[in-house]
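*Asks:* Sequence:
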Amino acid sequence: MKWGFPQYSGKGLFINARAETALQKKTFSESVLHRRCVIPARHFYEWDASKNKVTFLRENGSTLYMAGLYNLIEDEIRFVILTTQANPSVSPVHDRMPLILEKENVEDWICDGERTQAFLQKIPVSLQRTQEYEQQSLFGML
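Using this note's numbering, read the sequence shown as starting at -9 and increasing by one per residue.
Think of the hints as simulated: they come from the structure by calculation, not from any bench.
Just so it is clear, the structure is predicted and the values come from calculations on it, not from any experiment.
Relax, there's no trap hidden among the hints.
Now the in silico label distances, taken between C-beta atoms and shown as ranges:
| # | residue 1 | residue 2 | range |
| --- | --- | --- | --- |
| 1 | A108 | K43 | 31 to 39 angstroms |
| 2 | D102 | R48 | 18 to 26 angstroms |
| 3 | R8 | Y35 | 17 to 25 angstroms |
| 4 | D102 | G0 | 31 to 39 angstroms |
| 5 | P82 | Q111 | 21 to 29 angstroms |
| 6 | R105 | T11 | 13 to 21 angstroms |
| 7 | Y35 | D102 | 29 to 37 angstroms |
| 8 | M(-9) | R48 | 19 to 27 angstroms |
| 9 | S40 | C101 | 40 to 48 angstroms |
| 10 | P82 | E104 | 30 to 38 angstroms |
| 11 | R8 | H33 | 18 to 26 angstroms |
Note that the Cβ used here is the ideal one computed from N, Cα and C, for glycine as well.
Working from the sequences, and respecting the hints, build out all of it.
*Replies:* Right, here's the structure in full:
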């Protein structure tokens, strides 16, 4: 699969869809109802206000299962990741985060359309935050 749904303007891609509004958006609604997928990853990252790259992962290092949607667009299968409001472990860095599923919920997310609405309202598990370095500025030190 390729990441991103083309925007209607033809310029750029939607790489994420808001879980709170995906059912109401023409671009995503049919995929939410009929084409759900899971994107496994070890971690994801966001940039903080100072442009530092911050990595988020499970405390035990196990796989993250991010809820996603897919669609066939111009003979390509393309996907987006669902995002939700950031939980307390991510919110100091960013206001959004991927909708994280538990391993035991993966099959239900993909196959059980009756539970879709409940999954879209799920609050993801707390995550560990790591940062390789912090960008420093000489200007603030003068």
